[in-house]
Amino acid sequence: MAILDSKVPGGSLESKWDQHKFDIKLVNPANKRKFSVIVVGTGLAGASAAASLAELGYDVQNFCFQDSPRRAHSIAAQGGINAAKNYTNDGDSVFRLFYDTIKGGDFRSREANVYRLAQVSNNIIDQCVAQGVPFARDYGGLLDNRSFGGAQVSRTFYARGQTGQQLLLGAYSALSRQVGEGAVKMFSRREMLDLAVIDGKARGIVCRNLVNGEIESYTADAVVLATGGYGNAFYLSTNAMASNVTAAWRAHKRGAYFANPCFTQIHPTCIPVSGDYQSKLTLMSESLRNDGRVWVPKKVGDERQPDQIPESERDYYLERKYPSFGNLVPRDVASRNGKIVCDEDRGVGSTKQAVYLDFTDAIGRLGKDSVAAKYGNLFDMYHHITDENPYEVPMKIFPAIHYTMGGLWVDYNLMSTIPGLFVLGEANFSDHGANRLGASALMQGLADGYFVLPYTIGGYFAGTELDKVDTNHSTLKELQNDTKEKSEKLLSIKGNRSVDDFHRELGKLTWDKCGMSRNAEGLKEAKEKIPELRKEFWQDVKVPGTNGEFNQELEKAGRVADFLEFNETMINDALNREESCGGHFREEFQTEEGEAKRNDEDFTYVAAWEFQGTDKEPVLHKEPLTFENVKLTQRSYK
Amino acid sequence: MNLTLKIWRQENAQSSGKMVTYKIENISPDMSFLEMMDVLNQQLIVKGDSPVALDNDCREGICGMCGLYINGRAHGPEYEVTVCQLHMRSFKDGDTIVIEPFRAKAFPVIKDLVVDRSAFDRIIQAGGFISVKTGNAQDANAIPVPKDNADLAMDAAACIGCGACVASCKNASAMLFVSAKISQLALLPQGQAERDKRALSMVRQMDIEGFGNCTNEGECEAECPKAIKMTNIARMFREFYRSTIFTEE
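Chains as they are written, first to last, in the numbering used here: chain A, 2 to 639; chain B, -4 to 244.
Derived from the structure by calculation, the hints contain no laboratory data. Cβ coordinates follow ideal geometry from the N, Cα and C atoms, glycine included. Keep in mind that a hint or two might mislead.
Going by beta-carbon spacing under 10 Å, a handful of chain B positions derived as facing chain A [as the list claims (entries may be wrong)]:
{"id": "1", "residue": "Glu30"}
{"id": "2", "residue": "Asp116"}
{"id": "3", "residue": "Leu195"}
Computed footprint of chain A on chain B; a stretch qualifies when at least three of its residues, placed anywhere within it, have a C-beta under 8 Å from a C-beta of chain A [claimed, not checked]:
{"id": "4", "segment": "10 to 21"}
{"id": "5", "segment": "52 to 61"}
{"id": "6", "segment": "77 to 89"}
{"id": "7", "segment": "103 to 109"}
{"id": "8", "segment": "128 to 134"}
{"id": "9", "segment": "152 to 164"}
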């Protein structure tokens, strides 16, 4: 085990980033075009990075597996983006945003990274407004804010319930401008399947062209992964159908450490599961908790319709247990309490795996029109999916996997343990610790892409000897062959079970044993079962068609094969972390009141796993976390 | 529910396609349309047949990747809903459902129900942006935007780029899509500097891609899953004529 060097610069918390930007060696403007960068992914992090690097003059190639860069899953984020603008005059500041984020992450993230995130948050809002992002405004024409979980100030900027869409289209427009000018070469419908590490540095990728099945390779002086999170490890999640861990996992197999994979976030306000055929879960923004009140019947097994249950027989459990934050407690707290009441058999709806989110009071106080103006599209979406009108009947909600805080380990410069491989956005682990606060994912994706990487990548180029590498290099030829063989192998098994069938089984096992709460016994059981399932997959999966065509089943098979390896690492990490923190709730470690109980003495570190081989135990490396500016406290939202 | 599906099958862009009939049973009315297609595909895979290729991703009605022509209508029978948010309760037991790709000269078929909509990307690349480099922005509140304009811009910006407008139009016109972006940026003070150049470049690219003209029939607005209004097309024409006067091109 080695101690990982985070390369956090010295100096005071407030001065680190500014000083670091000054200290980073620069690449002369005329020389920038001599450096090429591959960016994989076109979400908030990928598109903003590709556009910003191209604006600086770097030669950029950008890849996405969707048909257009505008489809990346950042687009589905609803609620908003945080910034420390303090436009509402309610006492916000960079330090407060930093503090809320560190505390919200249950003190398992790096102080310097989080502070930098809070610092650049204001630049992001400025940048997006300049691009024409239509944020909500008040009658004076100035920007409006709303509140979000885990904060007592109003600092969230939003564009109706489609903030992610609007920010992504902003980044996409900046990217499109660079594509139009020829500064970015855009490759859509390409899936990255391997990373080329040459002379110890990331120098290229191997992709499958999803239209014709050709295995292609591309080279560059640095590779940037902005490939999102691994929520689909659980099969049912709020992620898009094709979101996957493949790019990150293949990079992990080439030497990039995977950090804190057990830190996954369960979002409290999703539409409950309705049947076995369910393909994904739909999230509704937690901004709904601003005005909606969460409750279940006080009585166990109460079968009455919600309007038949009088006030005195309702348990507004979040308001009761957490009077100061009420319905706006952080996501992990809200989710776990939802599970607790359902476990007590006080859940509602046909499956009893749901709680009410009730807008009756808000409609009475603000009027239906005001509620519609704030949440109209969310109410419509709920209505479409469930066939129930939330203006009349309380919504039913249940937690679902939504975001993954874990990801590839990166240092302060966002570089992984492979020199020249940078990782941005949800794909890295760096800023959210054990739990992410609402409206912080958009902030981090854009911070990394617009305002961090464009500086730090220059330092890498200026200080590194890079030989010329092209696609005829033997390493790339080998990887291309390996990739082709792997596809052929998947197609040749011709077994009896479909890819989805395996994915569903793996996901359920992972959700049951490593979901909202975990214990050693269950985790050990999963650790035994996953290799068995993996073995069965490679003997009995049925993938139709050929490699040389548009073949969506083959795409899925490759992704599920990777989840079958990755999920075991997630289980290992959850077993190793013998404490509860944020989204990682180990049943053995809780306070008397049933809250997460951290073990700061033994676990104030980032767990970064090094791959040793598919059926071998990974090696754990630690990055100790030091807190010089905040005091570690037991989180309390009471 | 038991249903008969008539689905367009086409091996690849070069081959010619045909309608193929499938029977499907025990479909729950609470399933989404795409979950019904998942069930069909699972059955085809187990039988050793080739599953039906179709684009979809977020299944939340926002990414714009899904798009099927169902019983002669883009995204099916409901208004303001994408295919992924359409549920089987919109159909009746015993129905025959005809499923085709979005058809337009500018959207060539890749396979079965999957089409190539990269023409939309090229239209945005031609001018659907405000030229502001990262780091050049002034304070966000230094540019007040009247609320009405901000709301109208947001209405237009809600476009998901799915192409339903093109598929629904007898001329395969992309004007609703193009005008939504032109409107959004023309309505905002930040978009003024490039206003004329933008309208000209985007319209020119739209023509190059082979989309048709608008003959004011309004199928696009009726079928748009995000309720983008045709008034944007009127605004686009205004912007376009303005640009022909105020630019030298």
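Hints, one by one, checked against the model:
no.: 1; hint: Glu30; verdict: 5 Å, holds
no.: 2; hint: Asp116; verdict: 5 Å, holds
no.: 3; hint: Leu195; verdict: 14 Å, violated
no.: 4; hint: 10 to 21; verdict: violated (count 0)
no.: 5; hint: 52 to 61; verdict: holds (count 9)
no.: 6; hint: 77 to 89; verdict: holds (count 3)
no.: 7; hint: 103 to 109; verdict: holds (count 3)
no.: 8; hint: 128 to 134; verdict: holds (count 7)
no.: 9; hint: 152 to 164; verdict: holds (count 4)
Taken one by one, the earlier hints fail for this structure at numbers 3 and 4, listed in ascending order.
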